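K.L.:
Listed here are the chains, written in short residue letters.
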Amino acid sequence: MLVRPMMAYILRRVLYAIPILIGVNVLTFVLFFVVNPPDDMARMNLGIKRVTPEAIQTWKAERGYDLPLLYNEQGQGLERLTGTIFFQKSVKLFSFDFGRSDSGRDIGYDISQRMWPSLAIAAPVFLIGLLTTIGIALVIILFRATYIDLTAVVIAVAMMSISGLFYIIGGQWMVGKLLRLIPISGYDTGWEAAKFLVLPVMIGVVSGLGSGIRVYRTLFLEEIHKDYVRTARAKGLSENAVLFRHVLRNAMIPILTMVVAAIPLLFMGALVTESFFGVPGLGSYTIDAISRQDFAIVRSMVFLGSVLYILGLLLTDISYTLVDPRVRLS
Amino acid sequence: MRMPELVILWTDALIFLLVGGALLFALYARRHEPVRAPWRKVVRSRVGAASLIVLFAYIGIGLLDSVHFRALDAKGVETGEVLSLFDRIAEPLRIRQEKTYSAPLALHLYAKENMETPDGRTVRGYPRLQHAGGQLTSESAAMLDQARLFLTGALLGLLLWAAMVLSLAWFHAWREGSGVLHQMECLFSGDEDDVPWTTILITLGMILVLGAASWQLAQHYHLLGTDKVGEDVLYQALKSIRTGLVIGTVTTLVMLPAALLLGMMAGYFGGWIDDLIQYLYTTLNSIPGVLLIAAAVLMLNLHMDNHAEQFGSVLERADMRLLFLCLILGITSWTGLCRLLRGEALKLRELDYVQAALSMGVGHFSILARHILPNVAYIVLITLVLDFSGLVLAEAVLSYVNIGVDPTTYSWGNMINSARLEMAREPVVWWSLLASLLFMFTLVLAANLFADVVRDAFDPRLRNER
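If you read the protein sequences in the order shown, they are chains A and B. The first sequence: position 80 = 80 (our numbering), numbered continuously. If you count the second sequence from 1, you need to add 1000 to reach our numbering.
Errors might be hidden in some of the hints.
Across the chosen pairs, the derived CB separations fall in these ranges [stated by the list, open to error]:
#1 B/L1351 with A/P19: 26 to 34 Å
#2 B/H1032 with A/P19: 58 to 66 Å
#3 A/A61 with B/P1004: 53 to 61 Å
#4 B/L1024 with A/I148: 37 to 45 Å
#5 A/A145 with B/A1029: 28 to 36 Å
#6 B/V1362 with A/I148: 27 to 35 Å
#7 B/E1350 with A/P19: 26 to 34 Å
#8 B/V1428 with A/V323: 22 to 30 Å
#9 B/E1081 with A/A145: 55 to 63 Å
#10 A/V323 with B/T1442: 36 to 44 Å
#11 A/V323 with B/L1280: 25 to 33 Å
#12 A/I148 with B/L1280: 44 to 52 Å
#13 A/Y320 with B/D1275: 52 to 60 Å
#14 A/T257 with B/L1280: 17 to 25 Å
Over 10 Å on every C-beta distance to chain A, these chain B residues come out as not near it, computed from the model [to be verified]:
#15 A1029
#16 V1123
#17 M1206
To give an idea of the interface, some chain B residues facing chain A are shown, with a C-beta separation under 10 Å as derived from the structure [stated by the list, open to error]:
#18 G1060
#19 I1061
#20 L1063
#21 P1288
#22 V1290
#23 A1294
#24 G1413
#25 N1417
#26 L1433
#27 L1443
Since the hints were derived computationally from the structure, they do not count as laboratory data. The structure displayed is predicted, hence computed values, not measured ones. Built from N, CA and C at the ideal position, the CB exists for glycine as well.
Same shape as in the complex, but just chain A (with noise of 0.2 Å):
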């Protein structure tokens, strides 16, 4: 009987995701092809002095940019609509058709090949993260409105405060340059892998330390004053008991929300520290992207973060209905 109201709450769900998903794609067209006019992007790309009507024609036609905007009169019947460059270079994005790039490689391809090595860094950094902050938000609960307390959130404002850059071009010099641990940065298939994944993982796992911290004690300090706190620790339960049994499962759903919503953009990398450490995965498949004015990779990354991010929430309300049966589905 519980599946069937679970089902269409999904199905509505997944129905109001699609205008979001449409809005998105508009808005990247607009952005992309009405602000700047392909031409504009062909003589970006063949250098702005001397270029020839002719070679820019070839750049569009090679490209697929020699279609008219929206709608296209040389067209017969249906070609009309689906003769234009919204049809196929943003339509198309729904059934994840993205064409090549502009360079001429399968960006679909390419993105199913780097997905990987991202969540190789991604991944281990989220579970291994959670898991510090929140044994460390703990442990400061524990001692809450004492001298450790106080100490350890000024070292958390004071880690926050420090730039992501500094962990990353200062984790690398330390650990790899002076210490000759683990390789600097590189990429190798399989469990090679392994060894260049460390810092990477390390430094992202220290990084988001103090933001954490402070997140979770929040969060705990807040659940610590409820109602059924007081009446666990008046009858007798010890603190930790409290804590543990009480306080920390009732804190899984906030903690949930922030969670789950996370975990489908992991597959879209870390963006500073693939491209710093060498690993090709998507963070620096964008960056080079950006940095090469590749328009057709930037624009379908941007879809693919936005199809993530929905995915996000519509697991977090799922998980909402699994961990907390208060939550009716309406």
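Add chain B to chain A, keeping to what the hints say.
P.N.:
Here is chain B on its own, set in the frame of chain A:
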């Protein structure tokens, strides 16, 4: 001698608009106790007061750097350069260019070069810097000279500080009709209930001593070394302050009207207006911020390259890019504020006085302006303060990825970007990186601490918890 002509850049105008707004607000708050009370709490917390002093030091430099004018040479003819007041003050730092890298306080370049000795032979060695320690008779005296400069500077700062303390004590004595000595005692008694003068004065003293000592040293040496093209790193780091402040504040300022209007309307009216606005911000929010910024900046670059004639000088062009970056950052970050405002307005519209106003026939927009807006003002303020540090840090990352400010603009991100390859050099060139990170860290730390105090003072829900 004619006055140089003022140049007002877009971001200059916005900064002074913000300062003017803050001053007006301060005047208003002076007369209205409910508005004033949380601020009093902020200033009376020791962390709040200390971080505010540090922020003021940054803001002071940023403001000096925001008054631009066309430079005149000695004869009063325009040189074509646009300088700021800060450039004028830091003239010795600005014009003393070396050839290439040199370490902090060094006397020689960092790279070997072929040099000619007086007797005509060519040797390879480290050439002497042109603008460091020129007053020295022998190079071995450099350490002593630096120590002397540091101490005179520190003493100067101390004297300035003492003068400030004395005049403050005198002012208090004059107001309360008691002795100056007694007031001095009060200032340093560490009385925690009132304004924490001890903390304020110690912070101020540290800034003054450090600033004056650095100033003395910087006039005769390159205190933080020079970069690849021989520009003083201290000058670059100081110039970057303005960029950081602009990104941190103007971004929130430009997104404020849209976020306020849409957020309040969504919560207050509900129905299809609410649905529409929610759809709008969910859509914008679903595009990962960095990618939206990257896409927008790429498009902007393309547009600017193709229509270069619309954007005047290099400085104006760089300024336009800074403003656009603020705008784009604003577009990606207004959704959070909008959602908060919607939730608050949703609660407020059910309150009795809003319902009473409605039943008496007050129009919707006057209710929004008179009853809802003042009640959500604290959310806006907390967001403004909380977002600041994140935006300063974001600028560095964006510039590092080449989608940030114009490459000709001084910014910490640009400094780090150009320093990333220097860490791979042998021996390591570390000062550029360290200087930018240190300046950024101080600003962000002060902003974070200040934001915490402001949130504690303004958020009524948290008031009872600590």
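K.L.:
Next step is simple, just say for each hint if it's right about the structure.
P.N.:
Hint check results:
no. : hint                            : in the structure
1   : B/L1351 with A/P19: 26 to 34 Å  : holds, 33 Å
2   : B/H1032 with A/P19: 58 to 66 Å  : violated, 45 Å
3   : A/A61 with B/P1004: 53 to 61 Å  : holds, 54 Å
4   : B/L1024 with A/I148: 37 to 45 Å : holds, 44 Å
5   : A/A145 with B/A1029: 28 to 36 Å : holds, 32 Å
6   : B/V1362 with A/I148: 27 to 35 Å : violated, 54 Å
7   : B/E1350 with A/P19: 26 to 34 Å  : holds, 29 Å
8   : B/V1428 with A/V323: 22 to 30 Å : violated, 50 Å
9   : B/E1081 with A/A145: 55 to 63 Å : holds, 57 Å
10  : A/V323 with B/T1442: 36 to 44 Å : holds, 42 Å
11  : A/V323 with B/L1280: 25 to 33 Å : holds, 30 Å
12  : A/I148 with B/L1280: 44 to 52 Å : holds, 46 Å
13  : A/Y320 with B/D1275: 52 to 60 Å : violated, 21 Å
14  : A/T257 with B/L1280: 17 to 25 Å : holds, 22 Å
15  : A1029                           : holds, 27 Å
16  : V1123                           : holds, 32 Å
17  : M1206                           : holds, 17 Å
18  : G1060                           : violated, 21 Å
19  : I1061                           : violated, 19 Å
20  : L1063                           : violated, 23 Å
21  : P1288                           : holds, 4 Å
22  : V1290                           : holds, 6 Å
23  : A1294                           : holds, 5 Å
24  : G1413                           : holds, 8 Å
25  : N1417                           : holds, 9 Å
26  : L1433                           : holds, 7 Å
27  : L1443                           : holds, 9 Å
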